[in-house]
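Undergrad: Sequence:
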Amino acid sequence: MAEVVQPVKRGRGRPGYDQATVLRRAIDLFNEQGYDATSINDLATDLGLSKSAIYHHVQSKEQLLRAGLDEALDGLEAVIRTARSSQGRLSAEDRLRTAVHDSVRVLTSHLPAVTLLLRVRGNSPVEVDALARRRKIDDELARLVREAVGEGSLRDDLPPDIVSRLLFGMVNSLIEWYRPDGRVDAASLAETLTHLAFDGLAMRVEQSD
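Using the working numbering, you'd call the opening residue of the sequence shown number 1470 and step up by one each time.
One should not assume that every hint holds.
Distance condition first, Cα-Cα at most 20 Å in a straight line; then the derived SDA-like pairs of lysine to any residue [what the hints assert, rightly or not]: (1) K1520 <-> A1536; (2) K1520 <-> L1492; (3) K1605 <-> S1633; (4) K1530 <-> T1551; (5) K1605 <-> I1549; (6) K1530 <-> D1625; (7) K1530 <-> L1600.
Here are the simulated distance ranges between beta carbons [claimed, not checked]: (8) P1628 <-> R1604: 14 to 20 Å; (9) L1635 <-> A1601: 41 to 47 Å; (10) E1501 <-> D1598: 19 to 25 Å; (11) R1553 <-> D1630: 25 to 31 Å; (12) L1665 <-> I1509: 38 to 44 Å; (13) S1521 <-> L1627: 52 to 58 Å.
Worth flagging that the hints you see were computed from the coordinates, not collected in a lab.
Beta carbons: idealized from backbone N, C-alpha and C, even for Gly.
Using the sequences and the accompanying hints, generate a full structural model.
TA: Quick look at the structure:
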């Protein structure tokens, strides 16, 4: 059961905050103001809590940053594990397609946390660790592209590493405009982006016998 952080009393009936809510708002503030520019006092003020109430359950601002980055990285690393586990069952192209599709799913399901991850610059040990994990993910995704090229599923006249960067750069660009309450639902977005990446935009004319 999540521990409840009680807010400063401001009239009757004001609810407490559990740790998940504190983390959610911390991630939002990091994205809105920048991590370095956000203090625990900012978070306390935003939630209507005393600083001591937050520190009773959270050791530091860095702990909140790590938890937010872990949320994004854990989801993306799960995408890689799925791709690895399907080797031998699925072609390299299908594994790559699944990785692209599932990366969109992770981004849309954990949009604030992924946004936070994509904006870190390595200014603290927590960020350095996160960037190292992200590089491993990027390396695995590039490997999936190379394997799809090697089996003949993708064209071989383009550098696989550049293809990987462009492909997943398109996925990452969704943080700039996708909104969970917008007109595009997450499932349709994942399908559309995957089809666009692998099938392109050209109309295909069926050949008659």
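Undergrad: For each hint, tell me whether it holds in the structure or not.
TA: Now for the hints, and whether the structure bears them out:
1. K1520 <-> A1536: holds (19 Å)
2. K1520 <-> L1492: With Cα atoms ~14 Å apart, K1520 and L1492 stay inside 20 Å; holds.
3. K1605 <-> S1633: With Cα atoms ~13 Å apart, K1605 and S1633 stay inside 20 Å; holds.
4. K1530 <-> T1551: violated (32 Å)
5. K1605 <-> I1549: This hinted pair holds, its Cα atoms lying about 10 Å apart.
6. K1530 <-> D1625: Measuring from Cα to Cα gives roughly 46 Å; hence the hint is violated.
7. K1530 <-> L1600: holds (18 Å)
8. P1628 <-> R1604: 14 to 20 Å: Taking Cβ atoms as reference, P1628 and R1604 lie about 18 Å apart, which means the hint holds.
9. L1635 <-> A1601: 41 to 47 Å: Since the Cβ atoms of L1635 and A1601 sit about 23 Å apart, the hinted range of 41 to 47 Å is violated.
10. E1501 <-> D1598: 19 to 25 Å: holds (23 Å)
11. R1553 <-> D1630: 25 to 31 Å: This hint is violated: roughly 19 Å between Cβ atoms.
12. L1665 <-> I1509: 38 to 44 Å: With a Cβ separation near 43 Å, L1665 and I1509 satisfy 38 to 44 Å, so the hint holds.
13. S1521 <-> L1627: 52 to 58 Å: holds (57 Å)
Hint compliance for this structure: hints 4, 6, 9, 11 are broken, all remaining hints hold.
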